[in-house]
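Remember, our numbering sits 57 above the position in the sequence shown when you count from 1.
Wrong hints could be hidden among the right ones.
[Unchecked claim] Calculated lysine-lysine pairs in the PhoX-like style (CA-CA distance at most 20 angstroms, straight line):
1. 245 / 272
2. 272 / 262
3. 180 / 169
4. 101 / 85
5. 297 / 287
6. 101 / 167
7. 155 / 85
8. 155 / 167
9. 160 / 101
I should point out that these hints are in silico values taken from the structure, not numbers from a laboratory.
The model shown is predicted, which means the values in this text are computed figures rather than measured ones.
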Amino acid sequence: MSHPTRNCIGDEGAVDIATSFLFNDTLKVVLLGENNITNVGGEKLAETIAHNSSLNQVLVDSNPMNVDIMQLKINNVLSMPSRKGGSGDVLPKDVVMKQLSSKDDIIATKDKQLHSAQVEIVKLKAQLQSKDNQCTIHLSELDKAQEELTTKNANIYKLNATINALNADLVCKDQLLACKDTEIDLLKSTIDNPLELLCAYISNKDDEIRELNDKVALFEKEMAVLAANKEASAAAAVAKEEVEEEEMREEAEEIIDERKDDEDKEVIKAALEAATASLDPMMDSLSIDSSIDEPEMEKTTVAKMNGMKSPIGIVKDVHSIVEVEVRDEVETN
58 MSHPTRNCIG DEGAVDIATS FLFNDTLKVV LLGENNITNV GGEKLAETIA
108 HNSSLNQVLV DSNPMNVDIM QLKINNVLSM PSRKGGSGDV LPKDVVMKQL
158 SSKDDIIATK DKQLHSAQVE IVKLKAQLQS KDNQCTIHLS ELDKAQEELT
208 TKNANIYKLN ATINALNADL VCKDQLLACK DTEIDLLKST IDNPLELLCA
258 YISNKDDEIR ELNDKVALFE KEMAVLAANK EASAAAAVAK EEVEEEEMRE
308 EAEEIIDERK DDEDKEVIKA ALEAATASLD PMMDSLSIDS SIDEPEMEKT
358 TVAKMNGMKS PIGIVKDVHS IVEVEVRDEV ETN
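Full structure from sequences and hints, please.
Pasting the structure below:
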């Protein structure tokens, strides 16, 4: 379906579309309403539709023509039985000749346009060559100007450096002149009023002495703080040594007490063994002899017991010896 409506193609456009009908076998419906087509264009459409076998409907409403008559004519052509079997029909000679003439005109026009374009191209090439020559000349001139500009810039840079050096020297001389002016003013004030200069000098010295005194006072405060810190450190060290000595003494006493307890146990055990060993002979000597009378046995037993030391006494003697040894060890430590 084609919809070239409201495009104002006119009769010329209608003729072109009608000509396309001769070579197109796919279109079914074409709507050409409101395209400013007159009866001339409508006749051309009706003429060419007869040689197209695919179209089923062509509408030309709202055009400046006798629409009813032209639409009826087009519809009659569309309903002709002969056009349905005519994809192989020969086109009319006048149509073919007109197409060929149109094509020849188009080819001639294209040839003229091509010749004009070739002439223009030759002219443009000549102009381009001229422009290239001019550009080459301008580039050479530009290179020369660039070199001159570079040389001038170098000279300007040197001149600026010289000017800057002169300005620096001028500033130094200005500073020297200012210093000389200050010295001259100072000499003038000294010559005019030496007492004020002396007072200012004395005032400056007083300020320096005051600063030195402040520094000395600050130094003395720092020394006092250092001395106090040193005394506190010494006292802390002495206290620490005393605490450590007391802890060592307590540990030594604990060790001695432990050793004393162990030694006492061993001594008592040894004393008991010795007492037991000393009692065994006495018990043997006190064994009853049936051949001795009782009064004589009692006397003999008493005499033997008086000549022996009791086990409790032996234990006491051993304990006293251990105490003496422990006391000597404590005093030695």
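Does residue 155 pair with residue 85 here, judged by a C-alpha cut-off of 20 angstroms? violated, 25 angstroms
Pair hint residue 297 and residue 287, alpha-carbon separation not exceeding 20 angstroms: Status holds; Cα separation ~15 angstroms.
Please verify whether residue 101 and residue 85 have alpha carbons no more than 20 angstroms apart. Holds, at about 18 angstroms.
Next pair to validate is residue 155 with residue 167; report whether the Cα-Cα distance is within 20 angstroms. holds, 18 angstroms
Pair hint residue 160 and residue 101, alpha-carbon separation not exceeding 20 angstroms: The hint holds at about 18 angstroms.
Does the structure keep residue 245 and residue 272 at a Cα separation of 20 angstroms or less? Not satisfied, since the Cα-Cα distance of roughly 36 angstroms exceeds 20 angstroms.
Satisfaction of hint between residue 169 and residue 180, Cα-Cα up to 20 angstroms: Holds. Residue 180 to residue 169 sits at ~16 angstroms (cutoff 20 angstroms).
Decide if the proposed pair is consistent with the structure: residue 272 and residue 262, CA atoms, cutoff 20 angstroms inclusive. Given pair residue 272, residue 262 holds - Cα atoms ~15 angstroms apart, limit 20 angstroms.
Given the hint that residue 101 pairs with residue 167, test it: the Cα-Cα distance must not exceed 20 angstroms. violated, 26 angstroms
When the structure is compared with the earlier hints, violations turn up for hints 1, 6 and 7 and for no others.
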